[in-house]
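J.: The chain contents come next:
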Amino acid sequence: MDIRHRMAKRAAAYFAAGDIVNLGIGVPSLCNNYAPPGVMFHTENGLIGVGPLAEGLQRVESFSNANGMRFVPMPGASVFDSAESFAIVRSGRLAATVLGGLQVSEKGDLANWARPGKMVGMGGAMDLVNGARKVIVTMELTAKGAPKILKACTYPLTGAACVDHIVTEQCVIDVTPEGLVLREVLDGVTPEEIQRQVEPTLVVADDLAIMAA
Amino acid sequence: MDIRHRMAKRAAAYFAAGDIVNLGIGVPSLCNNYAPPGVMFHTENGLIGVGPLAEGLQRVESFSNANGMRFVPMPGASVFDSAESFAIVRSGRLAATVLGGLQVSEKGDLANWARPGKMVGMGGAMDLVNGARKVIVTMELTAKGAPKILKACTYPLTGAACVDHIVTEQCVIDVTPEGLVLREVLDGVTPEEIQRQVEPTLVVADDLAIMAA
Amino acid sequence: MSSKLRTKDEIVALFADGQTIVVGGFANHGVPDALIDCVLDSGARHLTLLSNDTGDADLTIGRLVHAGRVDKVVASHIGMNTETVALVASGKIEVTLVPQGSLAERMRCGGAGLGGVLTKTGLGTVAEKGKTIVEVDGERWLLEPALRGDVGLVRARSADPIGNLTYRGTCRNFNPLVARAAAVTVVEADMLVELDEIEGDSVVTPGVYVDMILAK
Amino acid sequence: MSSKLRTKDEIVALFADGQTIVVGGFANHGVPDALIDCVLDSGARHLTLLSNDTGDADLTIGRLVHAGRVDKVVASHIGMNTETVALVASGKIEVTLVPQGSLAERMRCGGAGLGGVLTKTGLGTVAEKGKTIVEVDGERWLLEPALRGDVGLVRARSADPIGNLTYRGTCRNFNPLVARAAAVTVVEADMLVELDEIEGDSVVTPGVYVDMILAK
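Residue numbers (my numbering), protein chains in the order written: chain X, 1 to 213; chain E, 1001 to 1213; chain A, 2001 to 2216; chain H, 3001 to 3216.
Because the hints were derived from the structure by calculation, they are not lab data. Mixed in with the good hints, there may be bad ones.
[Unchecked claim] Label pairs and their computed distance ranges (CB to CB):
(1) H:Lys3092 with E:Tyr1034: 54 to 62 Å
(2) X:Leu53 with H:Asp3058: 23 to 31 Å
(3) H:Leu3040 with X:Ala213: 34 to 42 Å
In this text, a Cβ means the ideal position worked out from N, Cα and C, and glycines have one as well.
Using the sequences plus the hints, can you model the full thing?
T.: Quick look at the structure:
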């Protein structure tokens, strides 16, 4: 499995039937391929029950996700305006959100919407990381060899102390009150190899598991 | 015409086609008999387009006004929840509200929801006097001979400086920046007789008119 | 995605002494009467009631007052219910009166992850008492903080198995706000319909807000 | 009760230099394109645009940017529109970025007679900048003040002559909020229907918010 799908599949393992989940663009959007039955997807432009991408006559303007892609609504879909959409988000009704990340700090701060001097908008990301019960970041462990998991973020924050799980192509890391806990590594990758690629000191879980390739 | 209907009819003369109006209980509720065509009525429990009282099979729980009376909805009626209902009220979308009054001050303060020591609730009155573009109070000029139009209200206020027009059984008084202006009197009633029944000094309008009996 | 339909016994088990119960309805209309039966059956006491009014004496919401279950009331009006008025007068029930529009917004905040709203309603009146005044660009506003409860009781017209709801006429009133403003939201519907029988655009309360639906 | 249908010329006459225009739509979907034609035809310049985004370059809302009519933008995201990004970078357009949920609530406040809301969104980020922090029971909240405009442009699915509106699917998005958040609200509807053809319970935006409807 290519690394994008590997990360999406692992992130989707956090979902359970009955969950309402919001997926960001890029790798997160692939999670719907791996979600267990009974998960429903929320799109912040105003619908719960996002189904597969639409084809032919199904491609109507009225069912487009936050990324502008046309989709088929699922049975039981509900429609609402943007205020209601974010009432759902902020009030903790979303079981999870999956987002990409530029940087995550050891306290779980997330920077994913802007590089310094290039701020084109946070969209709904600040509300999502503030409201969703579980915030899952999918990202590669490093960018051009430089760590993305840092003691403190240097880019503008999306939210402070908001991340629960970091899913990378090599490992899974949880943000806990005791610090960053290494939960899973790819077969053949050592905790030491992961540690070299992140800035803060990782706690290695007693029950460190193998991440599905 | 009996004095209740006389007051209601005069208050309804402030309405124009296209207006959305909220009527309080008692005399105000009679205004719908005298409104010009094209006025629509708002009930704060969540509907615009309140029609006549319902009879027989028309009497369904789902169309009840704020006073619990069953009514027939008019063509073009719209339904909404209580938050939307008061968004409409507060944002100035109601052309007018007509309410009863216990006391009105010379600055247009209104007391109509409680006597001292007997506060059973303001309901929607505080929102209505704050939001409606025109606040019309229908009340008798005095209570057991004591004036109800005072220099300052002694009862708990519904709103400060909110009243535009006071319609009584004997006269019509406007609240203006220059003070209370006597606009109309019943045929045969003199401004002096009205003045004796109110506490603040009235300004008599240059074009003082005769109020329809 | 499993059904949210629950038996009366499962719903009765939700209630406990000292809870805040948020209830839909307005002047005896659109009240979730079968869910009020559940509260009565539970035996729960010392409740705080958060609702527009307390109905009439021993009618609709008023049955909770009549049965002596209520210690506190937060409402916009209690005058219709002579029992509530008498219990307040004798100090047996504590009441907080909130302007109706502010009550609706406060419930909405409680269910929307918001801390409160700024309103003009009540400025210069007793509704200001104990409240914070916030200035925005030199203009004075009254801060009305969010309100939430432990269990919300909602009366809907129709409900599908995942809790998408519609309402009918003025029976809507506070119900969609109550559906959001509690830790657990329970629904009583006039009609139980199949999944997808309520068209998405017609859903008034999305099922995401609903935890349990009373089975018939 | 007379019809709110108006000719294109009557609507074009609404716009003037320096106005704040509030526009519905999300990422080119559910945008009132015929009303944007009206703004373009009016020649109005130095506009402030209040909308979720500015569409794509020279598409939907982006046409106002392309035509050089916009001085300021208040939005949650401008990244799709390369022209907006370039004009912001060169200082020709001033942009204020607002988290999407806060933008929606701020418009709602502007149209609901409220001064602002308290949210957690943006605490600890640049979204705090210049904003007031309000404490409620020791908890910190960000005060997001109300936003309003001069003219609101709404795209609806159907409209009756008094402006009761429905929407379709995700074309609803910000449109019902825009319908409330301006001094004058103008609607473009895919379908114009007769009075009472939209059942009262199905009305999403009550006609009371609507001033004019573009005639076909």
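J.: Now, for every hint given, state plainly whether the structure supports it.
T.: Hint check:
Checked against the hint of 54 to 62 Å, the C-beta distance between Lys3092 of chain H and Tyr1034 of chain E comes to roughly 58 Å, which is consistent with it. For Leu53 of chain X and Asp3058 of chain H, the hinted distance range of 23 to 31 Å is satisfied, since their beta carbons lie about 26 Å from each other. Distance hint check: the CB atoms of Leu3040 of chain H and Ala213 of chain X are about 55 Å apart, inconsistent with the given range 34 to 42 Å.
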